[in-house]
Each structure stands twice: as C-alpha cells, then as structure tokens.
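Hey, can you work out the whole structure from these sequences and the hints?
Using full-length UniProt numbering, the first residue of the sequence shown is number 1, and each one after it goes up by one.
These aren't lab readings, by the way, just hints derived from the structure by calculation. The structure displayed is predicted, hence computed values, not measured ones. Warning: the hint list may mix true and false statements.
Here are the in silico distance ranges between beta carbons for each label pair [unchecked claim]:
(1) 46 with 20: 16 to 26 Å
(2) 68 with 23: 30 to 40 Å
(3) 31 with 4: 10 to 20 Å
(4) 67 with 23: 10 to 20 Å
(5) 64 with 34: 14 to 24 Å
(6) 16 with 43: 17 to 27 Å
(7) 26 with 67: 25 to 35 Å
A virtual CB, placed ideally from N, CA and C, is assigned to each residue, including glycine.
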Amino acid sequence: MPIVVDIDVMLARRRMGVGELAEKVGITPANLAVLKNGRARAVRFTTLEALCEVLECQVGDLLRWEPGDGSGDGPGGEDARGGSGRAG
Numbered sequence: 001m002p003i004v005v006d007i008d009v010m011l012a013r014r015r016m017g018v019g020e021l022a023e024k025v026g027i028t029p030a031n032l033a034v035l036k037n038g039r040a041r042a043v044r045f046t047t048l049e050a051l052c053e054v055l056e057c058q059v060g061d062l063l064r065w066e067p068g069d070g071s072g073d074g075p076g077g078e079d080a081r082g083g084s085g086r087a088g
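The structure is reproduced here in structure tokens:
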C-alpha cells in the first residue's frame, strides 16, 4: 500500500492513547484502528481535519506516499502495470 499512515508516530509524540484520540476526534476506536492500520479505503476530510486539530499537526504528518511494488490499483482503477486489475 503506497499511502502510509503515521498516526502511531503522532500519538507517541503527543503521549496520547488510541481511545483518547478516537473520543476527541469523534470516531469509534474500531474506525480509528482501521485508519491507523492502513486498511481504510477512504478518509473524510472532516476526519482528517479533526485528527490534525487534536494532534496539532498537518495532514502530511499523518499521511505519506511511498512508491509501491506495482501490485495495487492506481488512479482510475488501473494498476501500475497498465491493466484494469480485473479479470475478464
């Protein structure tokens, strides 16, 4: 997954727990876990805004892009190999 989520880094810097962050942001701990473990398919701007406000950081402190191995879907549903990523 080329988008890396660094919420754990910011939590450690702020000496804050996952439960406390979830409560202050207004999302469930389960949804925060999905986000911080990189399993989220989408993130609302309002959630990013709340995370940045609570953690006193910028979006770039929470999310960063790393080049992938070419096995994931790219823009427009096409993977890095130029295919659709779908059989058939």
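Status of each hint after checking the structure:
1. 46 with 20: 16 to 26 Å: holds, 19 Å
2. 68 with 23: 30 to 40 Å: Since the Cβ atoms of residue 68 and residue 23 sit about 33 Å apart, the hinted range of 30 to 40 Å holds.
3. 31 with 4: 10 to 20 Å: Given about 18 Å between the Cβ atoms, the range holds.
4. 67 with 23: 10 to 20 Å: Violated: the Cβ-Cβ distance is about 35 Å, outside 10 to 20 Å.
5. 64 with 34: 14 to 24 Å: Holds, since residue 64 and residue 34 (Cβ atoms, about 18 Å apart) stay within the stated range.
6. 16 with 43: 17 to 27 Å: Given about 19 Å between the Cβ atoms, the range holds.
7. 26 with 67: 25 to 35 Å: With a Cβ separation near 33 Å, residue 26 and residue 67 satisfy 25 to 35 Å, so the hint holds.
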